[in-house]
Amino acid sequence: MAVASVLFRPPRRTIVVSDALKEEDAVAMGFEYAPSIEEAMRSLHKLFPSAKVAVIPAGGLLAPVSV
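Quick note on numbering: the sequence shown equals residues 2 to 68 in the working numbering.
Think of the hints as simulated: they come from the structure by calculation, not from any bench. Incorrect hints may appear among the rest.
Simulated restraints, written as ranges between beta carbons of each label pair [unchecked claim]: (1) P50 <-> K23: 15 to 23 angstroms; (2) M42 <-> L22: 28 to 36 angstroms; (3) D26 <-> P50: 28 to 36 angstroms; (4) V54 <-> G31: 27 to 35 angstroms; (5) A21 <-> S51: 15 to 23 angstroms; (6) L48 <-> E24: 14 to 22 angstroms; (7) A55 <-> L22: 17 to 25 angstroms; (8) P36 <-> A59: 13 to 21 angstroms; (9) E40 <-> R13: 17 to 25 angstroms; (10) G31 <-> V56: 29 to 37 angstroms; (11) S51 <-> D26: 27 to 35 angstroms; (12) K47 <-> E24: 17 to 25 angstroms.
Glycine included, C-beta positions come from ideal geometry on N, C-alpha and C.
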């Protein structure tokens with residue numbers, strides 16, 4: 002499933018915040034990593050001040066699909 006999400010995911014920035022996943026593992030799967038939600042929001046706000054953000058509290062339960 003992780004391979005499919007990397008190969009077929011739409012061009013969006015996905016930042017992973019997780020105690021269960023190491024930064025190098027997140028990057029290897031094509032995601033960005035932040036140590037906290039606050040840090041993820043700060044980094045996004047610097048580049049995209051008016052960005053729309055979705056927080057998925059249990060991302061491992063979902064498979065992103067673009068319609």
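Here's how the hints hold up against the structure:
1. For P50 and K23, the hinted distance range of 15 to 23 angstroms is not satisfied, since their beta carbons lie about 30 angstroms from each other.
2. At about 18 angstroms, the beta-carbon gap between M42 and L22 misses the expected band of 28 to 36 angstroms.
3. For D26 paired with P50, a C-beta distance near 30 angstroms keeps the hint of 28 to 36 angstroms intact.
4. The beta-carbon spacing between V54 and G31, approximately 19 angstroms, falls outside the hinted interval of 27 to 35 angstroms.
5. At roughly 31 angstroms, the beta-carbon separation of A21 and S51 lies outside the given 15 to 23 angstroms, and the hint is violated.
6. For L48 and E24, the hinted distance range of 14 to 22 angstroms is satisfied, since their beta carbons lie about 19 angstroms from each other.
7. About 18 angstroms separates the C-beta atoms of A55 and L22, a value consistent with the hinted range of 17 to 25 angstroms.
8. The hinted window of 13 to 21 angstroms between P36 and A59 holds, with their beta carbons roughly 19 angstroms apart.
9. A C-beta distance of roughly 19 angstroms is found between E40 and R13, which places it inside the suggested range of 17 to 25 angstroms.
10. As the Cβ distance of G31 to V56 is approximately 19 angstroms, the hint placing it in 29 to 37 angstroms is violated.
11. Checking the proposed 27 to 35 angstroms range against S51 and D26 shows it holds: the Cβ atoms sit about 31 angstroms from each other.
12. The beta-carbon spacing between K47 and E24, approximately 19 angstroms, falls within the hinted interval of 17 to 25 angstroms.
Taken one by one, the earlier hints fail for this structure at numbers 1, 2, 4, 5, 10, listed in ascending order.
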